[in-house]
Amino acid sequence: MPARDFEALCSAMALTQTTKKLSLQLIMNRELQASYEHWWKWLAYALFSKRSNACSSIESVIIPALVQLTAAEVRAFISIVTSEHPEETLFGTPRGRVDERDATLTSGAPIRWQFDDKGQTVLDSQLLTLETAIPFVRTFSDDGECEWSENNGGSPALTSLTMELCLNDMALADGFVPFYEAIGSSLKFLRIDCPPFGGPQDVNVNTIIRSCPNLQELTLSRALVDLEFDLRSYRASNTPIPELNIPWFDVVQLAKDLSDPNHELTKCVRRLRASIETFPLPMADAEPFIPPPFQVSVDSLLSMLEANERLEYVRVQAVDTEPLADFIKHDMKPIYRQFPIKCKAALLSVTQSRDMQVEGEKRER
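Using my numbering, read the sequence shown as starting at 458 and increasing by one per residue.
Simulated from the structure, these hints should not be mistaken for laboratory data.
Check the hints yourself; a few may be wrong.
Unchecked claim - Straight-line C-alpha distance at most 25 Å; calculated BS3-like pairs for lysine-lysine: (1) 645 / 786; (2) 478 / 507; (3) 507 / 477; (4) 724 / 801; (5) 799 / 713; (6) 799 / 724; (7) 713 / 645; (8) 713 / 478; (9) 801 / 786; (10) 724 / 645; (11) 801 / 645.
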């Protein structure tokens, strides 16, 4: 996609009022490193800038198969996310005498529309004029001498993000910490499909939670385990979330942790996918992990299902389907969950209304 088309797309994303869910397939050519730093700036403007937070209707973004994100790209991205004047930062223009505004370009106003390969205006090109006014024009680096008709609007910031990380170099994973810190304040739902056999440093659940202070649901996916964390109770009570230690490649240990009603994982893990493997697993920064015998893994998961009263969904993947009947026995098992106050109030109001209706019918008889 040509740069001007990508910039136009990002400008539209920052202002859209009809799109709530967006999926972006980013295929990056590493030979154009400088260009992609520029593209990450535009993505930041489209999705996480002060401008998009105020105007865009996009609430959920999916970014599949992200191969790499360099430290330079993260810095470029953050420069826009944290900027109080993102348009001026994006274009490298000086601060204006007046703040940025949404305006309506009046009909008949001259427009310079032609730009060279470096993005500079072609001054000797013919000016364009339109018979109708153009709303939602963003002004920045304004000298204060123009007259505009102001046009204001607003909508909620982006709250949901899904990313599939396919990093070629695990050392670059450290760049994601400032990335999460920059965008985390608005996120309520986050899913990260992590490199399947990367080392533990490339997905630190505690760092992610600290970077996203309003997060309600977090899903992390690895080769053997997917975990969905429900953090609502902590947020509602303003209680600090404890440090979580996750044995990503040891299903037996994970089952043991989830069997303990007082364990930190038991209190917040709501959905689980576990894959029972019998072959050695490659590790990015350590010796291959040797799984326990198949039946040991099966027995540990079945024992966990007997003890755990909080898991809403469990999926077990295995080549051998013989233990399937034992797992099915736990289907539709009652679980422990506190009703939110709103649900309790709704239930009581319906019950009270029905009692009053029955009492009225008795009186009529």
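Tell me the hint numbers this structure goes against, listed in increasing order.
1, 5, 7, 8, 9
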